[in-house]
Amino acid sequence: MGLKGQAKTNQQVWELSEKDKQKILILMKMLKALTGKDFKIHLPELLKEPTKVVVTSEENEPSISGLGWGISVDLHELYYEYEKMLFSAQGTLRTADGGEINFQVELKLEREYREETRFILQMGDAPLTDPLVINFRNGDAGLSGLSHPFDLSGEGRLQYLPYLSPGSGYLAIDRDGDGSINNGLELFGPATGNGFAELAAFDQDRNGWIDEGDSVFDHLKIWIKTAEGDEQ
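This note's numbering numbers the first residue of the sequence shown as 80 and each following residue consecutively.
The hints are simulated quantities; they were obtained by calculation from the structure and are not laboratory data. Don't take each hint at face value.
Claimed, not checked - Dumping the calculated DSBU-like pairs for lysine-lysine here, alpha-carbon to alpha-carbon at most 30 Å:
id	residue 1	residue 2
1	Lys163	Lys100
2	Lys187	Lys163
3	Lys108	Lys98
4	Lys111	Lys98
5	Lys108	Lys163
6	Lys102	Lys163
7	Lys100	Lys111
8	Lys187	Lys300
9	Lys163	Lys98
10	Lys304	Lys187
11	Lys102	Lys187
12	Lys187	Lys100
13	Lys98	Lys187
14	Lys111	Lys163
The structure displayed is predicted, hence computed values, not measured ones.
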């Protein structure tokens, strides 16, 4: 029995800079001088320690076609906070000798916090996510009804990958440069469960498209394998 687990947490520790702290102190003293009253500015609690990253172990799995049972758990949590405070004041102070002092104060505080966690657990014959399929003819992509042994997980354990109907192919990238697609790590989807996220990671110019502006564009291919053994 094999057991795999992944956990990833990204977060930022936020706190005021020394410059912002001094601005707040000056603002509080100025308000007290103008009104004769004490002012307190309440700020949100600060994060003291970042969340630890936990990675579970992975055991070697025998090269068998199936165990007869499987469990798959995919947990994704996202927590986001955004706070913004703007303060602006201006006025005129008249001195005893008749002079005037004009003042203007502006203060802007902004805080953003994001925490994202994903946990993936697969045991036994847990179902894998289908690879991304490209359809280059009219109509929907379809399956031919036949399949062939293929290492979807990239761990040496064979699963069955369906042959696609004519006009469709699997989106692939030849990562090792040997001219062929050897396992699911060279497709988009089986390794992480989210083929679109894998593909989006190659969007270098962040325009929402994979095009000539991205270095991976020339390395992508449509992998077609037929029941007759032809491959292109």
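Given the hinted pair Lys111 and Lys163, is their alpha-carbon gap at most 30 Å? 24 Å, holds
Keeping to a limit of 30 Å between CA atoms, is the pair of Lys187 and Lys300 held or broken? Answer violated: Lys187 to Lys300 is near 50 Å, above 30 Å.
Checking one constraint from the list: CA of Lys187 to CA of Lys100, max 30 Å. Satisfied? Answer holds: Lys187 to Lys100 is near 12 Å, not above 30 Å.
Assess, step by step, whether the Cα of Lys108 is no farther than 30 Å from the Cα of Lys98, and give holds or violated. It holds: about 16 Å lies between the C-alpha atoms, which stays within 30 Å.
Does the structure keep Lys304 and Lys187 at a Cα separation of 30 Å or less? Given that 30 Å is the threshold and the Cα spacing comes to 60 Å, the pair is violated.
Within a Cα-Cα threshold of 30 Å, do Lys98 and Lys187 meet the stated pairing? Holds - the C-alpha atoms of Lys187 and Lys98 are around 12 Å apart, at most 30 Å.
Do the alpha carbons of Lys163 and Lys100 lie within 30 Å of each other, as the hint requires? 16 Å, holds
Under the criterion that the straight-line Cα-Cα distance not exceed 30 Å, is the pair Lys163, Lys98 satisfied? Between Lys163 and Lys98 the Cα gap is close to 17 Å, so the pair holds against 30 Å.
CA of Lys102 to CA of Lys187, is that 30 Å or under? 10 Å, holds
Pairwise hint evaluation, Lys111 against Lys100, where the allowed Cα distance is 30 Å at most: 17 Å, holds
Lys102 and Lys163 were given as a pair; does the straight-line alpha-carbon distance stay at or below 30 Å? 16 Å, holds
Tell me if the straight-line CA distance from Lys108 to Lys163 falls inside 30 Å. Roughly 22 Å separates the two Cα atoms, so the pair holds.
Of the numbered hints listed earlier, those contradicted by the structure are 8, 10.
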